[in-house]
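Taken in sequence, the protein lines are chains C and Y. To get the numbering used here, take the position in the first sequence, counting from 1, and add 14. For the record, in the second sequence the residue sitting at position 94 is 93 according to the numbering used here, with numbers rising by one throughout.
All clues given are correct.
Heads up, simulated EDC-like pairs for lysine to aspartate or glutamate below, C-alpha to C-alpha not over 16 Å straight-line:
id: 1; chain 1: Y; residue 1: Lys230; chain 2: C; residue 2: Asp297
id: 2; chain 1: Y; residue 1: Lys230; chain 2: C; residue 2: Asp311
id: 3; chain 1: C; residue 1: Lys322; chain 2: Y; residue 2: Asp235
Everything labelled a hint here was simulated from the structure, so no lab data went into it.
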Amino acid sequence: MKTLVWVEHDGNSVKDATLSAVTAASKLGDVHLLLVGQDVQGVAQEAAGIFGVDKVHMADDAAYAHQLVENVAPLVVQLMASHDAFVAPATTGGKAIAPRVAALLDVMQISDILSVEAQDTFTRPIYAGNAIATVRSSDVKKVVTVRTTAFEKAPREGGSGAVEAVPTSGDKGLSSFIGQEIAASNRPELTSARVIVAGGRALGSGEKFAELIEPLADRLGAGVGASRAAVDAGYVPNDSQVGQTGKIVAPEVYVAVGISGAIQHLAGMKDSKIIVAINKDEDAPIFQVADLGLVGDLFEIVPELTRKL
Amino acid sequence: MKMLVPIKRVLDYNVKPRIKADGAGVELTNVKMSMNPFDEIAVEEAIRLKEKGLATEVVVVSVGEVKAQETLRTALAMGADRAILVTSDRKVEPLGVAKVLRAIVDEEQPQLVILGKQAIDDDNSQTGQMLAGLLGWGQATSASHVELAGDCVTVTREIDGGLETDRYCLPAIITADLRLNEPRYASLPNIMKAKSKPLAQRSADDFGLDLSPRLETLRVVEPPARASGVKVADVDELVMKLHAMGVAK
Ligand SMILES: Cc1cc2nc3c(=O)[nH]c(=O)nc-3n(C[C@H](O)[C@H](O)[C@H](O)COP(=O)(O)OP(=O)(O)OC[C@H]3O[C@@H](n4cnc5c(N)ncnc54)[C@H](O)[C@@H]3O)c2cc1C
Ligand SMILES: Nc1ncnc2c1ncn2[C@@H]1O[C@H](COP(=O)(O)O)[C@@H](O)[C@H]1O
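Please model the complete structure; the sequences and the hints are all you need to start from.
Written out as structure tokens, the structure is:
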């Protein structure tokens with residue numbers, strides 16, 4: 015089987031999510047990458063060095079500068095004539111492009127796979143991860159998105175894939191890019207952080223969130239996450255949301271502060287190696303998944319913890 | 000300008016899913032079912048665009064069993080004008096739903112289709128993008144703000160790194176994210192009024208489409224359970240345990 019893996023990148027470098035997708039794809043067959051963007055020769059070279067990559071198809075065109083799916087999907091469909099599976103990480107980018115491609119190929123996508131059981135059989139979470147389904151696809155070509163926390167990252171070195179420029183198909187005129195607000199932060203990205211400190215509604219305000227959560231995160235070299243309630247209330251930006259409909263994370267340590275542990279939140283973090291929970295309600299559901307739980311008032315506990323660590 | 004809002008009836012988000020004893024799926028009999036939460040947000044957005052005078056009609060559509068009528072009535076009570084139920088005895092996958100929706104778009108000619116970003120039962124997050132692909136329209140996924148002006152819609156989208164704003168020519172597809180709006184509750188008078196709003200019922204078989212499933216579910220199981228943890232007495236004990244686990248040095 016020949017796979018085509020969607021490369022997630024920021025114009026300078028390949029994102030970690032791609033590396034997990036490569037690992038998933040390697041369980042299906044040969045790994046070809048598709049790199050789409052403008053002035054991406056450098057990234058293409060980097061991508062070609064990822065362990066296990068046979069080839070990088072590079073589509074370099076002004077129409078792809080912002081990777082608008084309307085422009086990119088026809089290109090993927092064209093390349094799928096000579097590939098058997100399209101594999102994308104289940105990031106917001108991958109989740110936007112893959113179903114469009116699947117529909118154009120008349121294929122039913124398999125979303126968010128946790129494992130490859132056979133070339134046509136996969137496991138995937140349903141109902142916010144409260145159930146795991148094993149599904150078999152009868153489509154000739156496969157389109158899958160990959161839960162990145164479920165697959166090891168392929169090493170960034172050791173590959174010697176060839177870079178091949180592919181003819182591009184230009185601007186379809188359906189969409190145009192206006193702007194981006196990317197939260198600038200010196201912290202590790204949530205999906206690759208080794209430690210995450212996450213805060214919930216109980217923090218009460220953006221000021222308190224910053225005053226309590228940030229120093230603890232600094233102390234631990236952690237990324238900062240949040241529950242939906244904390245994001246909705248405006249304490250932190252949307253990209254901090256962890257959960258069924260936010261980011262899926264699985265760090266070595268996840269510290270949940272003033273988060274109740276609704277199933278939608280647990281869906282995004284319960285595969286973390288060690289879960290620490292601080293909550294004043296001893297019956298809060300978060301304690302059912304916590305390895306270490308401390309019952310009490312976060313406004314006293316968190317400063318003391320930051321000091322003593 | 001007409002808007003179409005596809006809605007799905009799903010297990011209520013407050014209900015803990017129980018897996019059937021035979022591992023064939025999640026138990027859906029005698030449990031509370033509701034409109035997919037993202038679809039409530041989609042319906043709300045369409046109604047607001049109409050209330051602002053930017054659109055003329057909100058048509059809601061659901062593909063599913065006959066009971067999805069209740070869900071459509073809820074949308075009518077929120078303020079949608081009319082409903083279409085496409086009945087099917089067996090489960091229709093997102094690809095099939097997208098094909099049915101395309102047929103309805105061909106008939107109804109809406110300028111905007113607003114869907115939820117994801118149905119919280121199967122967590123597929125596919126239907127809107129598939130429909131956009133089939134129609135050759137732009138797709139604004141995970142919308143947190145929608146600005147409709149003239150022949151264009153400008154949409155702010157939640158992406159992994161933050162927010163992105165893109166502009167799309169109409170007709171276009173939008174999928175609603177959590178922070179697009181806060182859906183209203185239907186008032187009692189509106190619930191009464193909704194009973195007399197038009198609800199057309201059709202059968203999926205009548206569309207002459209191939210809706211046969213492409214995925215076969217071999218089994219459904221519980222996720223591996225986490226070993227139960229411990230409660231610590233105070234911060235000192237927590238710090239000690241964290242050190243012992245090598246978390247903080
Ligand atoms: C369609 C849908 C999708 C969703 N997706 C997500 C998602 O992706 N991610 C997500 O997180 N949620 C999601 N939710 C929301 C989810 O259902 C919960 O509402 C949310 O997670 C609750 O956030 P919280 O735990 O911060 O707030 P709450 O549930 O209000 O919990 C606050 C907690 O803080 C504790 N507390 C209060 N004061 C103190 C104190 N002084 N010290 C210590 N503890 C204190 C309380 O005991 C309580 O347990 C979704 C909901 C829906 C309907
Ligand atoms: N059976 C259905 N009937 C109507 N709309 C649906 C149906 N299934 C999915 N949708 C729409 O597509 C969105 C995404 O669903 P999904 O692709 O299943 O995650 C939902 O939020 C609905 O707006």
